[in-house]
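If you're matching positions, the sequence shown starts at 0 in numbering that gives the first Met the number 0 and goes up one per residue.
A couple of the hints might just be wrong.
Below, a list of computed lysine to any residue pairs in the SDA-like style, where the Cα atoms sit at most 25 Å apart [to be verified]:
hint : residue 1 : residue 2
1    : Lys-42    : Phe-53
2    : Lys-42    : Ile-18
3    : Lys-42    : Leu-22
4    : Lys-42    : Ala-54
5    : Lys-42    : Tyr-31
6    : Lys-42    : Gly-52
7    : Lys-42    : Gly-16
8    : Lys-42    : Phe-62
9    : Lys-42    : Thr-56
10   : Lys-42    : Ser-30
11   : Lys-42    : Phe-32
12   : Lys-42    : Ile-15
13   : Lys-42    : Ala-58
14   : Lys-42    : Gly-23
15   : Lys-42    : Glu-57
16   : Lys-42    : Ala-63
17   : Lys-42    : Val-24
18   : Lys-42    : Trp-28
19   : Lys-42    : Leu-68
In case anyone wonders, no lab produced these hints; they're calculated from the structure.
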Amino acid sequence: MEAEAARFIGAGLAAIGMIGAGLGVGNVWSSYFQAIARNPAAKEDIGPSVFIGFAVTEAIALFALIIGLIALYG
Numbered sequence: 000m001e002a003e004a005a006r007f008i009g010a011g012l013a014a015i016g017m018i019g020a021g022l023g024v025g026n027v028w029s030s031y032f033q034a035i036a037r038n039p040a041a042k043e044d045i046g047p048s049v050f051i052g053f054a055v056t057e058a059i060a061l062f063a064l065i066i067g068l069i070a071l072y073g
């Protein structure tokens, strides 16, 4: 019984990483839109960097999800 409770606690703690990743994705897109609003001509220059930053930040959320699932079902 105690091991099952520990698994649930571990999965919940792993979900905290998904909260941080959500905040990070919001910051990436917010900064992108602010940069485009200030200088629309720079859209082509900063576009690839934004997508790389988005992908790396989203990967953190996927890692947290996988760790949480491993804690629950592993």
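Results for each hint:
{"no.": "1", "hint": "Lys-42 to Phe-53", "result": "holds, 16 Å"}
{"no.": "2", "hint": "Lys-42 to Ile-18", "result": "violated, 28 Å"}
{"no.": "3", "hint": "Lys-42 to Leu-22", "result": "holds, 23 Å"}
{"no.": "4", "hint": "Lys-42 to Ala-54", "result": "holds, 18 Å"}
{"no.": "5", "hint": "Lys-42 to Tyr-31", "result": "holds, 9 Å"}
{"no.": "6", "hint": "Lys-42 to Gly-52", "result": "holds, 15 Å"}
{"no.": "7", "hint": "Lys-42 to Gly-16", "result": "violated, 30 Å"}
{"no.": "8", "hint": "Lys-42 to Phe-62", "result": "violated, 30 Å"}
{"no.": "9", "hint": "Lys-42 to Thr-56", "result": "holds, 20 Å"}
{"no.": "10", "hint": "Lys-42 to Ser-30", "result": "holds, 12 Å"}
{"no.": "11", "hint": "Lys-42 to Phe-32", "result": "holds, 10 Å"}
{"no.": "12", "hint": "Lys-42 to Ile-15", "result": "violated, 33 Å"}
{"no.": "13", "hint": "Lys-42 to Ala-58", "result": "holds, 24 Å"}
{"no.": "14", "hint": "Lys-42 to Gly-23", "result": "holds, 20 Å"}
{"no.": "15", "hint": "Lys-42 to Glu-57", "result": "holds, 22 Å"}
{"no.": "16", "hint": "Lys-42 to Ala-63", "result": "violated, 31 Å"}
{"no.": "17", "hint": "Lys-42 to Val-24", "result": "holds, 18 Å"}
{"no.": "18", "hint": "Lys-42 to Trp-28", "result": "holds, 13 Å"}
{"no.": "19", "hint": "Lys-42 to Leu-68", "result": "violated, 38 Å"}
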